[in-house]
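Colleague: For reference, the chains in residue letters:
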Amino acid sequence: MPLIDMPDFSSDLLAEFAARRTERVNTPVIQPAEPFLDMAGEDLRRRIFLTESETGANLCLRPEFTIPVCLRHIETATGTPKRYSYLGEVFRQRRDGSHEFYQAGIEDLGDKDIASSDARAIGDATGILKALLPGRKLALTLGDQAVFEAVVKALGLPFGWQRRLIHAFGDMAHLEALLERLARPQPVTGLDPQIAELIASDNEADLVARIDRTMQETGYSTNASRSPTEIARRLKEKLELAETRLDGTALLLLREFLTLQLPLAEAPAALAGFADAAGLKLGAAVSRFDARLAALANAGADLSAMTYRAAFGRPLDYYTGLVFEMTEAGSSAVLAGGGRFDRLLTLLGAREHIPAVGFSLWLDRIEAARASR
Amino acid sequence: MSTITIALPSKGRIKEDTAGVFERAGLAITAVGNDRSYRGRIEGMEGVEIAYLSASEIARELASGAVDFGVTGEDLVREGMAGADGRVEFCARLGFGHADVVVAVPEIWLDVETMADLGDVAADFRARHGRRLAIATKYWRLTQQFFSSQHGIQLYRIVESLGATEGAPAAGQADIIVDITSTGSTLRANHLKILSDGVILKSEACLVRARKQAHEQDPRIARIVEAVRAAL
Numbered sequence: 001m002p003l004i005d006m007p008d009f010s011s012d013l014l015a016e017f018a019a020r021r022t023e024r025v026n027t028p029v030i031q032p033a034e035p036f037l038d039m040a041g042e043d044l045r046r047r048i049f050l051t052e053s054e055t056g057a058n059l060c061l062r063p064e065f066t067i068p069v070c071l072r073h074i075e076t077a078t079g080t081p082k083r084y085s086y087l088g089e090v091f092r093q094r095r096d097g098s099h100e101f102y103q104a105g106i107e108d109l110g111d112k113d114i115a116s117s118d119a120r121a122i123g124d125a126t127g128i129l130k131a132l133l134p135g136r137k138l139a140l141t142l143g144d145q146a147v148f149e150a151v152v153k154a155l156g157l158p159f160g161w162q163r164r165l166i167h168a169f170g171d172m173a174h175l176e177a178l179l180e181r182l183a184r185p186q187p188v189t190g191l192d193p194q195i196a197e198l199i200a201s202d203n204e205a206d207l208v209a210r211i212d213r214t215m216q217e218t219g220y221s222t223n224a225s226r227s228p229t230e231i232a233r234r235l236k237e238k239l240e241l242a243e244t245r246l247d248g249t250a251l252l253l254l255r256e257f258l259t260l261q262l263p264l265a266e267a268p269a270a271l272a273g274f275a276d277a278a279g280l281k282l283g284a285a286v287s288r289f290d291a292r293l294a295a296l297a298n299a300g301a302d303l304s305a306m307t308y309r310a311a312f313g314r315p316l317d318y319y320t321g322l323v324f325e326m327t328e329a330g331s332s333a334v335l336a337g338g339g340r341f342d343r344l345l346t347l348l349g350a351r352e353h354i355p356a357v358g359f360s361l362w363l364d365r366i367e368a369a370r371a372s373r
Numbered sequence: 374m375s376t377i378t379i380a381l382p383s384k385g386r387i388k389e390d391t392a393g394v395f396e397r398a399g400l401a402i403t404a405v406g407n408d409r410s411y412r413g414r415i416e417g418m419e420g421v422e423i424a425y426l427s428a429s430e431i432a433r434e435l436a437s438g439a440v441d442f443g444v445t446g447e448d449l450v451r452e453g454m455a456g457a458d459g460r461v462e463f464c465a466r467l468g469f470g471h472a473d474v475v476v477a478v479p480e481i482w483l484d485v486e487t488m489a490d491l492g493d494v495a496a497d498f499r500a501r502h503g504r505r506l507a508i509a510t511k512y513w514r515l516t517q518q519f520f521s522s523q524h525g526i527q528l529y530r531i532v533e534s535l536g537a538t539e540g541a542p543a544a545g546q547a548d549i550i551v552d553i554t555s556t557g558s559t560l561r562a563n564h565l566k567i568l569s570d571g572v573i574l575k576s577e578a579c580l581v582r583a584r585k586q587a588h589e590q591d592p593r594i595a596r597i598v599e600a601v602r603a604a605l
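These protein sequence lines are chains A and B, in that order. When you number the first sequence by my numbering, it's gap-free, plus one each residue, and the end is 373. When you number the second sequence by my numbering, it's gap-free, plus one each residue, and the end is 605.
It is worth saying that the hints were derived from the structure and are not from the lab. It is possible that some hints are incorrect.
To be verified - Selected chain A positions facing chain B (in silico; Cβ < 7 Å):
#1 214
#2 234
#3 238
The beta-carbon is built from N, C-alpha and C at its ideal position, and this holds for glycine as well.
Using the sequences and the hints given, assemble the complete structure.
Modeller: So, in structure tokens, the structure goes:
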């Protein structure tokens, strides 16, 4: 591998990875594009470099490492727990900055102790940044999807609404639109009266039969992805959800929760206070939040440089709990970003559930930060 | 002064309608050489060249700045380049070539009438069907902007379709489509319905200018735009 244009601190970084007992892995630069588009969505299409193989398969230049490292883990089937590290070039179309740049990071796969592996990921990222940027003041922002999920559940919303809100977590505009709908429910109009009648009388069998008949008649059945039963059940659920109104107090609570932003050390008290005042039982999610904090404190982390922001999340369905970002204090350039993605490995085809947490380092920004003094 | 190039559609109704507008604007076009030539000029205007191209090539030439003006559908321009409004100016909407870019789903999806419904279905799709919701379209940029930016829907896959897109759901190539429609009759014939808030773009033929510095000092540019606007 040509090492000439790697950042000059690469060898320090590799030494850090080795000292942190990780196994360095490499993955091909040319990757099948499907897993990236499947996991991250079509939004990624305009940001990656796509090409086609001679046989028509979609290929892309490696846009990040997490998915290739996880795919490699599944293929090699070497068992867990595993701590992988990587260092290499990634390729993305960006408005500002170069289209090819180096990333490095650690992926911790299969450690069942969630609190301590979360704390270790944060500790690793912090330790490495401190080594690369000695004497600099770093800031960390932390979010936790599980706490948001617990708040939404505790509000007693129907399952369908919980799913909508959880799915939108991390995308504030989308979340706001959903809250607006919850404040002002719009009844479903324009439904065929016969179908409305079948639903009102809870006659699922007849409704399914009717949908099935139309599908047969229109020649749509053969390749239909959604079955008559799926359509009938979702129609019923939709009508129920459309009636759901979140009262003003609950809506206010949810909005209040989303504005929470405070020093991490104060977050447990604030969350407990919020739960008490709101009369919500946040139970396990908050105890796990506290356990992670305890693990961080045990590991000697500097909690004063860490902020909890309740609305911070990533609107992708494989993130499940912790997310974090690190910058230099007062700067907006993210130097390290990470989180827990317990659902990713099964989505990628792993047979058993593999909890996973990791982070990546933006080496071009770290290089710029090193040069800025 | 440098030559101004105007790219016009090379065939069909849209070619005739464009010629009509230019004629009414006092910018009558004559073919260079014979009738079937792909070059033309405007009578009484020096240094202006007409290039007849296909509608999608016109969008591409505008994007690269190889032509100064083009007449083509807004849908093709917006699909063909990122940040269209910064790179081109839509000078005039010409009143023909109407077509809406729409999101259409199988009529029998009784539970899906809005983009929010579709968002619910897309969010669940992988868990139920082992794959993402598939959208057949040739408008991947417009689709992606509309779904992600306006409706917060990320999880779906685009299946590129270069023709007969309306047939894709029944053929099992995709679950839903994003396509153009003018009357909706092809959609209905294929048992598809447009979502109530599923109109991505109401497109029509436009006079489009590539934004170039040199245009600011060139009186011919303003003259062409004004003449076309006055003819509408």
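Colleague: Run every hint past the structure and note whether it holds.
Modeller: Taking the hints in turn, this is what the structure says about them:
no. : hint : verdict
1   : 214  : holds (5 Å)
2   : 234  : holds (4 Å)
3   : 238  : holds (5 Å)
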